[in-house]
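Visitor: Work out the full structure: start from the sequences and follow the hints.
Residue numbers (numbering that gives the first Met the number 0), protein chains in the order written: chain A, 0 to 323; chain B, 0 to 323.
One should not assume that every hint holds.
Identical copies look the same in the list; a pair holds intra-copy or inter-copy alike.
Result set (DSBU-like, lysine-lysine): computed pairs, CA atoms no more than 35 Å apart in a straight line [stated by the list, open to error]:
id	residue 1	residue 2
1	95	278
2	302	223
3	95	12
4	249	39
5	302	162
Please keep in mind that the hints were generated in silico from the structure rather than gathered at the bench. No experiment lies behind these values; they were computed from the predicted model shown.
Protein chains: 2
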Amino acid sequence: MRGYDELFSFFEKHLDELQFSHQPTELYGPIAYTLNLGGKRIRPVLTLMSCEMFGGDATDALPQAVAIELFHNFTLIHDDIMDDAPLRRGKRTVFKKWNPNIAILSGDTLFALAYQFAQQADRRLLPEILSVFNQTAIEVCEGQQYDLNYERMNNVSVDGYLKMIRLKTAVLFGASLKIGALIGGASEEHAENLYEFGLNIGMGFQLKDDLLDTFGDEHVFGKKTGGDILTNKKTFLYLSALERANDEQKEKLHHLYNTHDEDEEIKIRYVIDIFTQLKVFKAANLEIDKYWDNGLQSLDKIKISDENKEILLDVAYKMIVREK
Amino acid sequence: MRGYDELFSFFEKHLDELQFSHQPTELYGPIAYTLNLGGKRIRPVLTLMSCEMFGGDATDALPQAVAIELFHNFTLIHDDIMDDAPLRRGKRTVFKKWNPNIAILSGDTLFALAYQFAQQADRRLLPEILSVFNQTAIEVCEGQQYDLNYERMNNVSVDGYLKMIRLKTAVLFGASLKIGALIGGASEEHAENLYEFGLNIGMGFQLKDDLLDTFGDEHVFGKKTGGDILTNKKTFLYLSALERANDEQKEKLHHLYNTHDEDEEIKIRYVIDIFTQLKVFKAANLEIDKYWDNGLQSLDKIKISDENKEILLDVAYKMIVREK
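Guide: Shown next as C-alpha cells:
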C-alpha cells in the first residue's frame, strides 16, 4: 500500500493525461483551467489508498478517483458563483475570468463528466458505487443550501453548523474512502466503517479550516487570516462564542458581525479578543479531538494490517494537524 | 402497447406520488414547483412507450422515465438563468421567483436526483443505460454552449445551427427512446435504430418550434408569435434567409437583427416579409420532411408489429405537425 506522495503523483499523472480539450472550447477551457489550478487531491488519493488497503489494484479505482475530483471541482465552480468569490487558489474564479453563464454550464458539464467516470466500474459493483456517489452528490448540494441559508439567519446553532459541514464537506471524504474500499474488495461492513472514519476526519478537516482561517499563521496558511470574520461567516468559532457569551459579549459580537464599516484590522482584533476570552480556540480543538477519536473507533473495527492503518492515519493526521 | 394519453396519465400519477418535499425547503421547493409546472412529458412517455414496444413492462422503465424528465427540468432551470428568461409555461422561472443561487443549486440537485433514478435499473443493463444517459447529458450541455456562442456570433451557418439543436434538443429524444427500448428487451441494434428515429424526430420537433414561434397562430400556440425575432434569435428561419438573401435583403436583415429600438410590430412584420420573399417557411417544412423520412427509415429497420409502429408514429407525428 502506497502513501500519499506516491498516490498523489500517480493520480496527478493520470489526470494530466486525460486532457479536457474537446469542443466547444468555451465549455472545456474553464474545465481544464479549474483542474489545472492544482490542489492537494486528498479525496481521490483517499479513494486510491482505500482500494490498495484491501489488496486492490489502485488502477481499478482510477476512474472513481477522477469522478470524485471532477465532482469536487464542479462544486467549487458553482459555489464560487454563489459566494461571489473572486479568487480560488490565488487565481481568478471561473465566473470572474469568464462569466456566470460559462461557470454554470462548465460546472454542469463537469458534473456529467464525473458521472461518466463513476460509471466505469465492474458491473457487479456499479449499483453500490453509484448509490454512494448519488447520495453524496445530493447531500453536498443540501449542505451548500444550508450554508446559504445560514448567511441570512441570526439563530444558527452549533449543531446546525455541524450538520451543515457534515453534508457540505465531510460526506465526500467518507464517500471517497468507501468507494475505493468497495473496489478494493472490502466487505460492505468494512467499507461502511471506512465511510464513518472519513466522515469524522472530514469534520475535523473543516473545523481545522475554521481555526486556520482565524488563528493560522498567515505566512504558512498562505492567505490572510481573519477572512471568515471579515465576511461575517458563522463558523464553529463564532457560533460557539455566541453560545458561551454573556449578554455584553453577545451584543458586541452581534454588532461586529452586522457591520461592514468597521476598520478591518480592528474588527478582526476585537472578534479574536472575544473568541480568546471565551476559549473557543480550545473548544474547537476539543471538538476536533472528539471527531478524531470517533474516526479511530471506526478504523479499529476494520481488519487490515497495522502498517496499512498507519499509512491512512498519516494522511488523516495531516488533514487535521496541518498548518495550511 | 399503450398510446400517449394512457402513458402520460400513468407517468403523471407516478411523478405526483414521488413528491419532492425533503429538507431544506429552499432547495426542494423550487424542484417541486418546476415539476408541477406541467408540460407534455413527451420524453418520459417515449421511454415508457419504447419499453412496451418490445414487450417490456413500462413499470420497469419508470425510474428511467423519471430520470429523463428530471434531467430535462434541470436543464430548463439552468437555461432560464442563462437566457434571463422571466417566464416558463406562463409562470415565473425559478431564478426570478427565488434567485439565481437557488436556481443554480436546485438545478444541480435535480441533476443529482436524475442520476439517482437512472441508476435504478437491472444491473445487467445499468452500464449501457448510464452510457446513453451520460453521453446525452454531456451533449446537451455542449448544445447549450453552442447556443450561447451563437448569440454573439455573426457568421453562424445553417449547418452550425442544426448541429446545435441536435445536441441541445434532439439527442434527448433519441436517448429517451433508446433507454426504454433497452429496458424493454430490445437488441442493441434495434435500440440504436430507435435512437436514430428519436434523433430525427427531435430535429423536426425543434424546427417546428422555430416555425410556430414565427408563423404560428397565437391563440393556438399559447404565446405571442415573433418572440424569436424580437430577441434576435438565430433560428433556422433567420439563418436560411441569410443564406438565400441578396445583398439588399442581407443588409436589411442584419440591420433589423442588430437593433432593439425598432417598433416591435413593425420589426416582426419586416422580418416576416423577408422570410416570405425568401420562402424560408417552405424550406423549414422541407427540412422537417427530410428528418421525418430519415426517422421512418430507421424505424423501418426495427422488427416490431405495424400496430406498435403506428402508436409511436402517432406521438412523433403530433410532435411535428402540432400547432402548439
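Visitor: For each hint, tell me whether it holds in the structure or not.
Guide: Structure-based check of all given hints:
no. : hint       : in the structure
1   : 95 to 278  : neither (38 Å within a copy, 44 Å between copies)
2   : 302 to 223 : neither (43 Å within a copy, 68 Å between copies)
3   : 95 to 12   : within (28 Å within a copy, 44 Å between copies)
4   : 249 to 39  : neither (38 Å within a copy, 55 Å between copies)
5   : 302 to 162 : within (30 Å within a copy, 55 Å between copies)
The structure is inconsistent with the numbered hints 1, 2, 4, although it conforms to all the rest.
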